[in-house]
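**Q** Sequences listed follow chains A and B, in order. The first sequence begins at 1 in the working numbering and counts up by one. The second sequence begins at 553 in the working numbering and counts up by one.
There is no bait here: all hints are sound.
Calculated lysine-lysine pairs in the DSS-like style (CA-CA distance at most 27 angstroms, straight line):
hint: 1; chain 1: A; residue 1: K332; chain 2: B; residue 2: K726
hint: 2; chain 1: B; residue 1: K692; chain 2: B; residue 2: K648
hint: 3; chain 1: B; residue 1: K692; chain 2: A; residue 2: K332
To be clear, the hints were calculated from the coordinates, so they are not data collected in a lab. For clarity, every value in this text was computed on a predicted model and none was experimentally measured.
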Amino acid sequence: MKKILALVLALTMLAALAGCGGNGNSSSGSAPGMEGNQEKVFTYNMNVDPKTFDPGLNAAVDGSHVINNTFEGLYRDTEDGLKPAIAESHTVSEDGTVYTFTLRDGVKWSDGKPVTAGDFEFAWKRAMEPITEYGFIFAPIKNAGRVYGGEIGTDGTGEDEVGVKALDEKTLQVTLEAPCEYFLSLTAFPTLMPVRSDVVDQDGLWAKDPAKAICNGPFKLESYTMNDQAVLVKNENYWNAANVKIDKIVGKMIVEASTGLTAFRAGDLDLIDVLPREEVPQLIASGELILNPYIGTVFLTYNLTDSGNAALQDVNVRKALALAVDRESITKLVTRSGEKPATGIVPSGAFFDHNDKDFNTVSGDYGLPASGDVAKAKQLLADAGYPNGEGFPKLELFYNTSDINKSLAEAIQEMLKTNLNIEVELRNQEWATYMESLFTQNYPDMARHSWTGDYVDPQTMLEIFMTGNPLSGSGYSNPEFDKQMQIAQTTVGEEHFNALYKAQDILMADMPFLPLYYNVTPMLLSDRVEGIYASPTGKYWFGDMDLVEVTE
Amino acid sequence: MNEKWKKVDRSSMPTAEDTRPGLTYWQDVWRRFRKNWLAMAGLVLVILIALLAVIGPMFSPYSYADQQLELSNLPPRLAITKLSDGLYAYVHKEFKLIQVSEDGDVLGPVKLIDDDLVLRTRTYELDGKEIKFDYSLANKKGNKQKFSDYGYNYRIFVDGKEIDPTPVKTTQNKTFVLGTDRLGRDMWTRTLYGARISLSVGVVAALVNMIIGVIYGGIAGYEGGMIDNVMMRIVDLINSIPLMLIVILLMVVIGKSGFGTIIVTIGLVYWVSMARQVRGQVLSLKEQEYVLAARTLGASKSRIIMRHLIPNALGPIVVSMTMSIPNAIFTESFLSFVGLGVSAPQASWGTLANDALGAIRSFPYQLIIPSVAIAITMFAFNFVGDGLRDALDPRLRK
Numbered sequence: 001m002k003k004i005l006a007l008v009l010a011l012t013m014l015a016a017l018a019g020c021g022g023n024g025n026s027s028s029g030s031a032p033g034m035e036g037n038q039e040k041v042f043t044y045n046m047n048v049d050p051k052t053f054d055p056g057l058n059a060a061v062d063g064s065h066v067i068n069n070t071f072e073g074l075y076r077d078t079e080d081g082l083k084p085a086i087a088e089s090h091t092v093s094e095d096g097t098v099y100t101f102t103l104r105d106g107v108k109w110s111d112g113k114p115v116t117a118g119d120f121e122f123a124w125k126r127a128m129e130p131i132t133e134y135g136f137i138f139a140p141i142k143n144a145g146r147v148y149g150g151e152i153g154t155d156g157t158g159e160d161e162v163g164v165k166a167l168d169e170k171t172l173q174v175t176l177e178a179p180c181e182y183f184l185s186l187t188a189f190p191t192l193m194p195v196r197s198d199v200v201d202q203d204g205l206w207a208k209d210p211a212k213a214i215c216n217g218p219f220k221l222e223s224y225t226m227n228d229q230a231v232l233v234k235n236e237n238y239w240n241a242a243n244v245k246i247d248k249i250v251g252k253m254i255v256e257a258s259t260g261l262t263a264f265r266a267g268d269l270d271l272i273d274v275l276p277r278e279e280v281p282q283l284i285a286s287g288e289l290i291l292n293p294y295i296g297t298v299f300l301t302y303n304l305t306d307s308g309n310a311a312l313q314d315v316n317v318r319k320a321l322a323l324a325v326d327r328e329s330i331t332k333l334v335t336r337s338g339e340k341p342a343t344g345i346v347p348s349g350a351f352f353d354h355n356d357k358d359f360n361t362v363s364g365d366y367g368l369p370a371s372g373d374v375a376k377a378k379q380l381l382a383d384a385g386y387p388n389g390e391g392f393p394k395l396e397l398f399y400n401t402s403d404i405n406k407s408l409a410e411a412i413q414e415m416l417k418t419n420l421n422i423e424v425e426l427r428n429q430e431w432a433t434y435m436e437s438l439f440t441q442n443y444p445d446m447a448r449h450s451w452t453g454d455y456v457d458p459q460t461m462l463e464i465f466m467t468g469n470p471l472s473g474s475g476y477s478n479p480e481f482d483k484q485m486q487i488a489q490t491t492v493g494e495e496h497f498n499a500l501y502k503a504q505d506i507l508m509a510d511m512p513f514l515p516l517y518y519n520v521t522p523m524l525l526s527d528r529v530e531g532i533y534a535s536p537t538g539k540y541w542f543g544d545m546d547l548v549e550v551t552e
Numbered sequence: 553m554n555e556k557w558k559k560v561d562r563s564s565m566p567t568a569e570d571t572r573p574g575l576t577y578w579q580d581v582w583r584r585f586r587k588n589w590l591a592m593a594g595l596v597l598v599i600l601i602a603l604l605a606v607i608g609p610m611f612s613p614y615s616y617a618d619q620q621l622e623l624s625n626l627p628p629r630l631a632i633t634k635l636s637d638g639l640y641a642y643v644h645k646e647f648k649l650i651q652v653s654e655d656g657d658v659l660g661p662v663k664l665i666d667d668d669l670v671l672r673t674r675t676y677e678l679d680g681k682e683i684k685f686d687y688s689l690a691n692k693k694g695n696k697q698k699f700s701d702y703g704y705n706y707r708i709f710v711d712g713k714e715i716d717p718t719p720v721k722t723t724q725n726k727t728f729v730l731g732t733d734r735l736g737r738d739m740w741t742r743t744l745y746g747a748r749i750s751l752s753v754g755v756v757a758a759l760v761n762m763i764i765g766v767i768y769g770g771i772a773g774y775e776g777g778m779i780d781n782v783m784m785r786i787v788d789l790i791n792s793i794p795l796m797l798i799v800i801l802l803m804v805v806i807g808k809s810g811f812g813t814i815i816v817t818i819g820l821v822y823w824v825s826m827a828r829q830v831r832g833q834v835l836s837l838k839e840q841e842y843v844l845a846a847r848t849l850g851a852s853k854s855r856i857i858m859r860h861l862i863p864n865a866l867g868p869i870v871v872s873m874t875m876s877i878p879n880a881i882f883t884e885s886f887l888s889f890v891g892l893g894v895s896a897p898q899a900s901w902g903t904l905a906n907d908a909l910g911a912i913r914s915f916p917y918q919l920i921i922p923s924v925a926i927a928i929t930m931f932a933f934n935f936v937g938d939g940l941r942d943a944l945d946p947r948l949r950k
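Taking the hints into account, I'd like the entire structure generated from these sequences.
**A** See below:
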């Protein structure tokens, strides 16, 4: 009996061994055959778990990276400029207020249904509702501002009719309030990308569920794992699918910058754009780091609502704080990626006015020297009733968790302590929670904020400070400023820019934020990636990208 | 009468006390503890760390929060390059020059007059001399790493003449003994300050253990029955919730993370194992005759517990207390490391290690210093604990 048992056991083990060997052989045997049509997988670090992938609800750059590649608007922003995408062509009426778009033949959703002009009408009207954070972007469209302001609904008729209408399946007519220079570039913006009425829900949960996330871009969502990764695969129903060379995109959610760099060095990531600050100077020196032009500003915002700190409602205090921060040291010695010290909200080198002059240069530094002015700051603080910081309440500085933001916050903390004798406490939150806190002023004093422009006009930087726009993070409201912005929104050329200059003057006199620096996007890209495009508004476009064999 | 024998005076005879002086229990413990050199080394280290933590920061010219942004990431050992006679500089890993003395004193950043990012050259002015720092060789893009004739990926020109950048010597950084961190803060001061936080946490844990744990365990053990049952189930309950969860919940309740939260958490959790141990000891001790005697004489319950039972269980209590200190220190470091600890600019060893993580490739010393500090402290306390256990155990008596 024992012998039989031993025999059985021996045979089982032998079979198991043989099984292993067989598996090994078959996999190694099939590998060479695979090489010809190997799957092209591009992996990048999204740095965080984006709050949403819903075009209408997204307000963050990390979400835009995904949406820009899973959805497609009427036009698309590419390396060679604006190109027709879902729209084949468009006509503009003589007075420049009516745009008529004709959709391309055979454009389909990822489930095979055709993309219609009605989908655009639905998506736009949904996204301009007051509950969204980004509805203000529709401002050039007739009556959209009133919808966003909650005055009227999207179903109005006659005078209250919203200026977007699907004339038939293939024709979309858009009526503007007034001629608008940047409207066409807006049609490439994520918020203006179409969504399907039968899949969306109010909270945008559908967009993270692969079964429901029906899209019309070159890629579609295959899987999403919270705080781990999102996988996009090629959308075979995309109209230009033949020219999409990548099969799969994996977006990792690695928060720790040094972990990201390790993964990049190990070849697990093809692209990272958040780097440990300590490594940046050497990466710049070695030429590996690509610094992309970028229209974005990093600043601190104050809680100016009733729930905020009373001391910060005093404009002199805000000016004192702004003067006590040495931006030059911050950019040169703390962030160290080629950022420029900010003296306002509109970055330099990106926006030019009607005379082709740099908007930033013309508006000047508003008495905010890059390296600060401690004596004046002390004077202002004393004028506000806090000589040498005496009696000034302890401030809390909020930032979203990352090592760069921590260094930045610690540097500011120390500057305010040494220069103004103001105690600052630091507090951090994860990104998704942080955005919620920031946009609802759910923070006591100050919070780190960064704003990236959506189109190439200074208006994109200034309009977040209009009354009721949650994206300012501060709850700032000044009717004078709103008035100038409304003039700017409905005019072109000299009139437009004059209004913007005036608006910025009002804004800087009120100083509802503490400018820190104009951003750049550093990028480490593996050598095998070709044709990736990072727009100045900070969105990646993977549709023209290819992965090539690198020969040493 | 035999003259050879004589009666002696009893008082001149050696007594039992003279042959061998009596030892109290604690003297005996100390005698055995002293023989254990590992334990003694641990004790010396513990005292040394405590002294450094208390008085060390007073002797440092910097505070733990002082930032000198120009002098960030300076290592503890400086490789000194000679620029010209009497002029020395340290070539920072970030391709910039820091002026130092020949002996390793950091004199400050060299005045930068031009920074050309395209040609990758920085021009400095020092003592009337123009120093050009060319790091264009560091550019790796598109080709292999190149080196200058001297074997470096940068070149230094003093008044237009190239000099040999090979360090003339490597010496201890005299200004910042352990170097500086990413914001130019003195690592030595920050490490000592971190020791304060870590040791305070350890002391609090020990005190909480001592007070709550011992009394709680004593009552449960002595009372027995239903009371014991209920009390120990509460202990089980606390023990079953993970520490992390308690900290996060507390942070929500208190509203922020910080030293206070950590102290409260450790206070809430750390007495549990002590209570169990004391209860076990008391359960067996309370059956002893002297307890019966005390009860017969009418001693109160609290008197029996405090005067008779606890002193007899003191050995295991002391050992367990000593062992809980390194545990608490490690817990604090861990919590600070994952971001639930003290808030900046305060530094504990855990936050120091966490801050250094981003710089692990270029400036590993920033991570090594707090890690070594944690390791040494843990070792020291564990050795003391081990030594105490051996010394207190009568069965190991030789």
